[in-house]
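> Sequence:
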Amino acid sequence: MPGRFSRIPAAGLALVAAAIAGAAGFVAGSSWGTSRLPAPPPVVATVTAPSASAPPLASATSSGPTQPAASAKAPEPSSLELAAGGDLHALKALEMKNATERTPEEALAISAGHAALARADATRVADDLSADPKLFQDRGTMAYVYRLALDPDVAPTLLVALARLEDPVIADLLYDLVDRGEPGARLALLAEDLLRGPAVLPEASKALSLIIDLRNAKTCERAAVLLPRANAVGDERATPLLERYREKSGCGPKRTDDCFPCLRDKPIEKTLDDAIASTKARSFSAPWRLNR
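Using this note's numbering, read the sequence shown as starting at 1 and increasing by one per residue.
Don't take every hint at face value.
Heads up, simulated EDC-like pairs for lysine to aspartate or glutamate below, C-alpha to C-alpha not over 20 Å straight-line [claimed, not checked]: (1) Lys134 / Glu203; (2) Lys206 / Asp176; (3) Lys280 / Asp213; (4) Lys280 / Asp121; (5) Lys270 / Asp258; (6) Lys248 / Asp273; (7) Lys248 / Asp265; (8) Lys134 / Asp121.
Label-pair restraints from in silico Cβ distances [claimed, not checked]: (9) Ser249 / Thr100: 53 to 61 Å; (10) Ser130 / Glu76: 34 to 42 Å; (11) Arg164 / Asp273: 39 to 47 Å; (12) Asn291 / Thr100: 35 to 43 Å; (13) Arg164 / Arg215: 20 to 28 Å; (14) Glu247 / Glu81: 50 to 58 Å; (15) Glu166 / Ser285: 19 to 27 Å; (16) Asp193 / Pro77: 29 to 37 Å; (17) Ala232 / Glu95: 48 to 56 Å; (18) Asp138 / Asp273: 34 to 42 Å; (19) Ser205 / Lys266: 28 to 36 Å.
I should point out that these hints are in silico values taken from the structure, not numbers from a laboratory.
Remember, it's a predicted structure, so these values are computed and weren't measured experimentally.
Using N, Cα and C, we set each Cβ at its ideal position, and we do this for glycine too.
Generate coordinates for the entire structure from the input sequences, incorporating the hints supplied.
Following this line, the structure appears as structure tokens:
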């Protein structure tokens, strides 16, 4: 039966149906509805890969500072550097040059080169002494050792190496450098430090131990105690130290007072005289001196 919608064309009916369906969908998707619309699909970030020609990022290729190329080589040392280091060929080439034509740098390189060679000799001879302690009594070897020890460029290397060896001759040699050296000079100070150190002093002979104690005696009473030892074991090196006990001046404000008044008692004075005579009679033969 025709109704009031019978006059609406078919297209209009379609629009009305769509509107009704849309309204129903709005109600169903609103907070008032009992269900929600499905969540939209996740957005996937797309990363465009770098082209084959693009350079790699720095962070992707290295985690630290750029390292130098493995093929890089240190510059070759100059002839002066070689000579100063003891290279025989470079050193000889400089020495063959006329001295009037050498520059100050070349002269210095020659000096440094010979010092380097001497230090190498010092190390070698110390190794030889360590391997064969009999060489401590070989006058030729010890004379060479003593000559090296007088070289300020070589002495530290040599003396420290010798101080590690256990032989009384080392203590005697160090004392000789102290006794004959200029007071306060670097060589004498180094020799004395090594001599008094725990590596050398326990190895000192009885005669040298006495000498060290005599040098350290600061009071009259201490000097008097040492006199019997001097009489028993002292050698000629102790004589000058004992003779100073005879002096009756040198102390006090005007340096006119007796420094050792307790030695003026007749019995002690006799002991001092005996000690001086005994030490004079005992010679010391230094193995580094070729004439004795």
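> For every hint, state whether the structure bears it out.
Structure-based check of all given hints:
no., hint, verdict
1, Lys134 / Glu203, "holds (16 Å)"
2, Lys206 / Asp176, "holds (16 Å)"
3, Lys280 / Asp213, "holds (18 Å)"
4, Lys280 / Asp121, "violated (37 Å)"
5, Lys270 / Asp258, "holds (18 Å)"
6, Lys248 / Asp273, "holds (15 Å)"
7, Lys248 / Asp265, "holds (13 Å)"
8, Lys134 / Asp121, "holds (19 Å)"
9, Ser249 / Thr100: 53 to 61 Å, "holds (57 Å)"
10, Ser130 / Glu76: 34 to 42 Å, "holds (36 Å)"
11, Arg164 / Asp273: 39 to 47 Å, "holds (41 Å)"
12, Asn291 / Thr100: 35 to 43 Å, "holds (38 Å)"
13, Arg164 / Arg215: 20 to 28 Å, "holds (24 Å)"
14, Glu247 / Glu81: 50 to 58 Å, "holds (56 Å)"
15, Glu166 / Ser285: 19 to 27 Å, "holds (21 Å)"
16, Asp193 / Pro77: 29 to 37 Å, "holds (35 Å)"
17, Ala232 / Glu95: 48 to 56 Å, "holds (55 Å)"
18, Asp138 / Asp273: 34 to 42 Å, "holds (38 Å)"
19, Ser205 / Lys266: 28 to 36 Å, "holds (32 Å)"
Checked against the numbered hints given earlier, the structure breaks only hint 4 and satisfies all the rest.
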